[in-house]
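J.: Sequence lines, in order, name chains A and B.
All residue numbers for the first sequence refer to the working numbering, where the first residue is 6 and numbers rise by one.
All residue numbers for the second sequence refer to the working numbering, where the first residue is 22 and numbers rise by one.
The reader is advised that the hints may include incorrect statements.
Stated by the list, open to error - What follows is a set of in silico ranges between Cβ atoms, one per label pair, in the way DEER data are often shown:
1) A/349 with B/36: 51 to 61 angstroms
2) A/364 with B/82: 19 to 29 angstroms
3) B/190 with A/372: 36 to 46 angstroms
4) B/81 with A/292: 29 to 39 angstroms
5) A/364 with B/112: 25 to 35 angstroms
6) A/247 with B/132: 50 to 60 angstroms
7) A/379 with B/296: 47 to 57 angstroms
8) A/299 with B/38: 28 to 38 angstroms
9) B/148 with A/329: 33 to 43 angstroms
Hints were generated in silico from the structure; no laboratory data involved.
All values derive from a computational prediction rather than experimental measurement.
In this text, a Cβ means the ideal position worked out from N, Cα and C, and glycines have one as well.
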Amino acid sequence: MFFHDLKYMLISGFRVKSFLFWLMLFPILLGTLFKVAFGNVYENDVLFRSIPTAVVETTSDPVFHQVIDSIEESDEPLLDVEYTDEENAMKLLKEGKVSGIIYVGDKLSLSVTEQKMDQVILKTFVEQYGVNEKIIKETAEKDPSKIQSVVDKLSEDVSACRDIPVTHGDPDIYVQYFYNLIAMVAMYGSVTGLHITVQNQANLSALGARKNCSPTPKSVSMLADLTGSFIMQSACMILCVTFTHFVLKIDFGDRLLLVYAAAILGGILGVSFGFFFGAVNRFSLEAKIGIVMAVSMFSCFLSGLMMGQMKGIIAEHIPWLNKINPATVVADSMFSLNMYSDYSRFISRIITMLVITVVCTAAGIIITRRKKYANL
Amino acid sequence: MANSVVKINNLVKRYGELIALDHFSLDIKEGEVFGLLGPNGSGKTTTINCLLSLLAFDKGDIEVFGKEMSPTAYDIKKEIGVIMQNVAVYEELTVSENIDYFCGLYITDKEERRKCVEDAIKFVGLEDFRKFYPKKLSGGLLRRLNIACGIAHKPKLIILDEPTVAVDPQSRNNILEGIQKLNKQGATIIYTSHYMEEVEQICTRIAIMDKGRKIAEGTKDELKRMIRNTETVNIEILDVSENIIKEISALPHVYDTAYDGEKLTVYCSGGKHNLIRILDVLQKHDMAFGRVYSELPTLNDVFLEITGKALRDKED
């Protein structure tokens with residue numbers, strides 16, 4: 006009976022057009038929209054890339070050469086340097102092929118035509134080089150083997166003005182939108198969960214009444230429907246993460262499997278939340294869907310789906326809310342994988358999700374376990 | 022004597038101050054088509070819901086197949102088929118998938134189920150609509166699907182709660198014929214309706230309900246014998262004088278008359294040749310008349326006489 010119920014739960018579930026739209030197509034459309042809307046900003050201003058720089062040497066400076074060589078040898082070189090003469094350098098600058106020209110003379114000087122992030126970094130680099138020139142030169146003369154660590158420190162200081170992640174992915178607000186998008190899909194699972202109670206309660210639907218008249222125990226039917234909903238929701242979460250990461254090329258860091266795990270657990274949380282909400286009141290199905298969608302969207306709003314700074318605002322004024330708001334918890338679990346090298350925050354969020362899931366499922370089962378109804 | 026399939030004893034169901042079932046009792050025998058007849062709100066559906074253990078009740082006992090009915094009486098539930106008033110099918114499953122799904126809640130063996138589904142499809146005449154989704158079916162076909170989902174597992178007791186509401190006459194006849202066929206195949210039927218014609222047509226025994234009480238029970242002939250009216254004569258006639266009406270009222274077996282300016286209605290109790298005697302009076306006074314027809318008493322007359330009100334509203 007369980008597998009029979011589960012089979013038809015999946016068949017009917019995947020044929021629900023609203024399910025296919027809101028949980029599969031809509032996130033893809035919204036994700037694509039995010040990518041189109043914010044993608045250029047991200048790639049231009051956020052994504053790390055080496056800054057094309059022309060270097061014009063008026064006097065030879067072997068230490069500067071040594072520093073530049075060290076910078077270019079790193080995995081993510083700060084500068085992409087081209088040594089050239091002044092005339093060619095000016096041409097490259099006018100054509101936009103380089104972001105600035107560094108003149109190497111008695112002192113370093115910089116020539117730029119714009120004031121964007123690249124130019125700010127070049128300016129910081131030149132200033133930092135000037136401040137640390139003495140140390141660099143002394144190190145080069147006394148102990149050349151330590152020059153790399155000095156260069157690393159210089160690069161780090163320069164990079165700091167750009168909020169380069171020190172962990173695995175991009176903690177930028179742009180990526181946060183995609184975490185929130187995944188959390189939104191998870192919360193949409195509440196509608197699927199809601200249908201489980203409606204379709205199994207004799208006092209909520211004709212289908213529920215018919216199923217309650219059958220010799221299949223309600224517990225079996227509910228368990229099959231819950232399992233089916235978890236499977237369906239997990240499929241949606243996997244699709245959403247896969248599309249976001251592999252098609253939209255959003256960098257979720259190198260712990261992708263854990264991102265999938267967090268997303269799937271988030272989806273299960275969403276289903277459980279809807280299951281509980283469906284059981285706890287006797288509103289009409291339409292009213293239930295309306296309320297559960299509104300609650301889900303409000304939860305997503307608080308997590309920053311519509312306004313990136315919202316999570317920060319909540320953290321400042323009602324910090325405990327961020328720890329229990331389902332959408333925030335789901336988004337934060339994935340965010341923490343990127344933001345922190347250790348797993349403590351991730352584990353904390355996963356535990357919160359598990360607790361909400363267990364509480365909602367248990368409460369839903371307790372409420373719906375009733376065998377007879379006072380009213381139909 | 023046939024065995025009792027359903028035995029309801031002194032059932033009381035209250036909704037706050039409202040008494041929905043007031044010491045209601047029934048004894049339905051094997052092989053019967055038992056009709057529960059009553060106006061909307063009389064307690065028919067409440068009785069069915071209590072019988073199916075969907076609804077908690079305040080007092081009384083319910084036995085089905087000689088055993089106490091309860092929500093976990095799965096062995097009893099296995100033998101019951103239910104067709105509710107509201108269509109209960111999955112919109113996203115086709116006709117055959119819907120029947121297979123609900124049949125699967127009763128029968129686990131796939132091969133047996135496949136045969137049952139096929140039989141049910143043929144029984145309700147949905148052979149050409151197997152792959153159709155419910156929303157593509159007309160109201161009548163949808164009702165047939167609803168019935169197929171309830172009877173596919175070949176239950177011994179079939180409960181139909183107003184299955185013909187909002188159904189076209191053709192589908193209604195199809196459904197009623199189907200119920201009689203199921204009965205002939207051995208199933209005991211409980212049929213609730215506020216359409217007295219349907220109940221008269223198919224039920225072997227009838228209980229009439231009003232305000233949660235059983236006000237009469239018996240075969241349709243037994244019920245009709247309970248009331249004074251045996252024949253109602255209607256005559257389309259203009260300008261009938263008071264004297265003529267008085268003369269007709271004085272005829273033997275006539276116990277009441279009514280005249281609305283166009284139609285004279287004469288109520289008779291017992292006796293034969295009532296119509297001839299009435300027409301004789303009119304001819305004696307040289308009265309021209311139009312259409313003349315005689316009506317035998319209906320269950321509505323039974324209900325009217327017992328409760329003082331019509332069984333169903335005019336819009337029904």
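J.: Could you run down the list of hints and mark each one as holding or not?
T.: Evaluation of the provided hints:
| no. | hint | result |
| --- | --- | --- |
| 1 | A/349 with B/36: 51 to 61 angstroms | holds (55 angstroms) |
| 2 | A/364 with B/82: 19 to 29 angstroms | violated (40 angstroms) |
| 3 | B/190 with A/372: 36 to 46 angstroms | holds (44 angstroms) |
| 4 | B/81 with A/292: 29 to 39 angstroms | holds (35 angstroms) |
| 5 | A/364 with B/112: 25 to 35 angstroms | holds (32 angstroms) |
| 6 | A/247 with B/132: 50 to 60 angstroms | violated (40 angstroms) |
| 7 | A/379 with B/296: 47 to 57 angstroms | holds (54 angstroms) |
| 8 | A/299 with B/38: 28 to 38 angstroms | holds (36 angstroms) |
| 9 | B/148 with A/329: 33 to 43 angstroms | violated (56 angstroms) |
Checked against the numbered hints above, the structure violates hints 2, 6 and 9; every other hint is satisfied.
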